Amino acid sequence: MSEEDFDGGVVKKFMYVNRKAPYGTIYALEVLEMVLISAAFDQDVHLAFLDDGVFQIKKGQTPANIGVKNFSPTFRALEGYDIEKLFVEKESLEERGLTEADLLVPVEVISRADMGKLMAEMDVILTA
Amino acid sequence: MKFGILVNEGPYTHQAADTAYQFAKAALEKGHEVFRVFFYYDGVNNANALTEPPTDDRNVVKNWQKLAEQYKLDMVVCVAAGLRRGIVEKTLAPGFRISGLGQLIEAGIQCDRIVTFGD
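From first to last, the protein sequence lines stand for chains A and B. Each step along the first sequence adds one to the number in this note's numbering, with nothing skipped, and position 112 is 112. Each step along the second sequence adds one to the number in this note's numbering, with nothing skipped, and position 94 is 94.
Treat each hint with caution, since some may be false.
To be verified - Here are the in silico distance ranges between beta carbons for each label pair:
(1) B:19 to A:122: 44 to 54 Å
(2) B:72 to A:99: 45 to 55 Å
(3) B:15 to A:102: 28 to 38 Å
(4) A:67 to B:32: 43 to 53 Å
(5) B:19 to A:113: 21 to 31 Å
Keep in mind that the hints were calculated from the coordinates and are not lab data. Note that the structure is predicted; figures quoted are calculated from it, not measured. Backbone N, C-alpha and C define an ideal beta-carbon position, used for all residues, glycine too.
In isolation and in its complexed conformation, chain A is listed as follows (with noise of 0.2 Å):
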């Protein structure tokens, strides 16, 4: 990919690696903040969850009680700025007894093993 042309419209597969819980540390609130950065230079972006990633998108987060913004209905507005691609690790998932009906968006679940296979055709991956 030519790096002239940055202005030129050079669009890099980006994604978006979410390890961390929504809560107990700012990791998946400032990670957001990237993504949607990135959604302004019309970059193909792609969001990961894994680990504790998948609490992120959880239903029923009532986090005014430990007196931080809920911020999990960003998710839903990722819609909005054509941020479509969100995958979830099901191995994940299921050893934190959580099931797809549990998220809150419409994600694609995929394998560990497809997720390696996902990521090594990106061309640059953040993590936190």
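Place chain B on chain A using the hints.
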């Protein structure tokens, strides 16, 4: 190779800040290009001008500054992450600049590799 470096952790609490610096230094010494170092999350604290470690310890902030001076490194602190943590123009160490997350995305587009340092 053209590298972009993302520093996600603050100095002293986390080894990631030192490792990022050592990686950048080694890459530059080997003749690679470092397009940009971007500081995000607690990584913005790498640019705190008020940092004053004990004299028998390394100075992470000064290490970055020296490297930037020697190689004309572009060191960018995320404005939103910085505001949250009190890293603003007033507290910003010389050699760093404050800008938006778009600078990280641009690095992702321009570089051969983005290397992330942090958990």
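Check: In ascending order, which of the hints set out earlier in this document are inconsistent with the structure?
Finding: 1
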